[in-house]
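Number of protein chains: 2
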Amino acid sequence: MTLLKDQACFGGRQQTYSHHAHTLSCDMQFAVFLPPKIQLSPAPVIYWLTASINPRISLAAQAGIQRIAADLGIVIVMPDNRPRGAQVPDLPEDSLDLEAGFYLNATQSPWSSHYKMYDYIHQELPTLIKDYFNVTGKQSLMGHAMGGHGALTIAIKHPSDYCSVSAFAPMCHPSKHPWCQKVLSQFLGSRDIAWLNYDAVELLKNNPASVHKLPILIDQGDQDALYPLQLGTDALINVCKQFDIKAQINIQTGYDHSLYFVASFIESHLRFHYAALN
Amino acid sequence: MTLLKDQACFGGRQQTYSHHAHTLSCDMQFAVFLPPKIQLSPAPVIYWLTASINPRISLAAQAGIQRIAADLGIVIVMPDNRPRGAQVPDLPEDSLDLEAGFYLNATQSPWSSHYKMYDYIHQELPTLIKDYFNVTGKQSLMGHAMGGHGALTIAIKHPSDYCSVSAFAPMCHPSKHPWCQKVLSQFLGSRDIAWLNYDAVELLKNNPASVHKLPILIDQGDQDALYPLQLGTDALINVCKQFDIKAQINIQTGYDHSLYFVASFIESHLRFHYAALN
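Top line first, the protein sequences correspond to chains A and B. Per this note's numbering, the very first residue in the first sequence carries number 172; after that it's consecutive. Per this note's numbering, the very first residue in the second sequence carries number 172; after that it's consecutive.
Bear in mind the hints are in silico, worked out from the structure with no lab data behind them. Any given hint could turn out to be false.
One copy or two, either will do: identical chains are not told apart, so a pair holds if it fits within one copy or between any two.
[Stated by the list, open to error] With a straight-line Cα cutoff of 25 Å, these simulated SDA-like cross-link-like pairs (lysine to any residue) come out:
#, residue 1, residue 2
1, K376, V203
2, K309, C197
3, K309, S196
4, K353, D242
5, K208, Q258
6, K176, T424
7, K208, E438
8, K208, F436
9, K176, A418
10, K417, H190
11, K384, A257
12, K353, P263
13, K208, P379
14, K176, D405
15, K353, Q413
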């Protein structure tokens, strides 16, 4: 690991590291916020999945999360959202969002040699964090939009590895969305069971008991241009009702998909995770 | 005034407007945060002078200021920091910082027809805000770096127009700094009395009694690459000591010049202004 940036922030440190990601066969960067208390005792970790940290400052670093994390004594890890580098192929432009690694393990050439964001977020990065920082081993997942999809799908499949999961405006049902279908077919091949493995609604439908001990919190703005059809929010609400899944889903009147929406509710997410992590 | 953006944020509204600025002979944009309470009763205003709001998201919108302003019931006006448009000349690149209008009234051609940021911030914009929004008429100034220079110089010259002034890492003594001297000579001509009129240290030295009722708060990181020589912080501290000026100047150990520094201390600045505005 190479420390690229190290800045004082709310009495703690906001840092950026680069490292070679074996899972992705490329070098990756991530940002991390270390609360002041980590100098005295181990702290729990939230993985905060949003837009890229590289090259532009990410949503993660802007939303005031550090203030609350400093106060509550939580480490925030802010990974990049896709593999990067000259050797990493880009998706064709008509498949949309080159920024989005979709938090899956690609099986199709040429993507399968690098696009393993699922394993990177769930396995490689937590191992690195536990080796390198003074953390308790307790961890939670949080994400925005496509990062919300990543947080939900990873936590639903590994509920015993995470104390809680939360999402802002998550993509809930990508296998039913034309725009996502294009990307899923590039990464995973034609429509099959593999798509359902990366779809929060389908995962809950197939195994609703998996999350009966996992605290789930979702905030969604009703003025979000992607809500509800493109995000599949209604399908998520329905599957939770149908199987009596105790997710807390808040529809926030007047809010959109932006930084201002995330900033307005991030304190409640961190307090939700804090209760589960301690 | 044309409303360009309008987003929910901490129960209030984060908006962007464009308008024709007569003072600057060009169209300008500014951002404004309206706290929830403004729907019920008039609110005081803080002018927050930082980097550009256009085209990139500014520091102003990132630092969590809206959370505290919503809570305290303060309107935050975030102006652009220079005139813009095809007809507005750019400074030569070797004069540095094309982003910086220096918050002065230029007297030299070709700058003098547009670079009147001093009058824009002190006169035109407050008149517009008072006409358009439900505000009390009480106002304060706050700024970062060059914006801190703007806030200090304007408030020192018009202490009865502002309830308080604060700055993060302000440029305190530009007339003594080679890099600023280049810009000042472009805007104001060769070194003369006009330079001293836009220099917080010189203004205080010449009329220390002007600020004896004006609350002043400054935070400065000791790891800021511009501290102390380029910012002239020591000269400001000395002039305050010499003339018994009651400015509160905090040197913050470990902090740099960045968003993280501003975010870490912005709550204390808003609470400082709140006490003076109410």
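Under the constraints set out in the numbered hints, which ones does this structure not fulfil? 1, 2, 3, 4, 5, 9, 10, 11, 13, 14, 15
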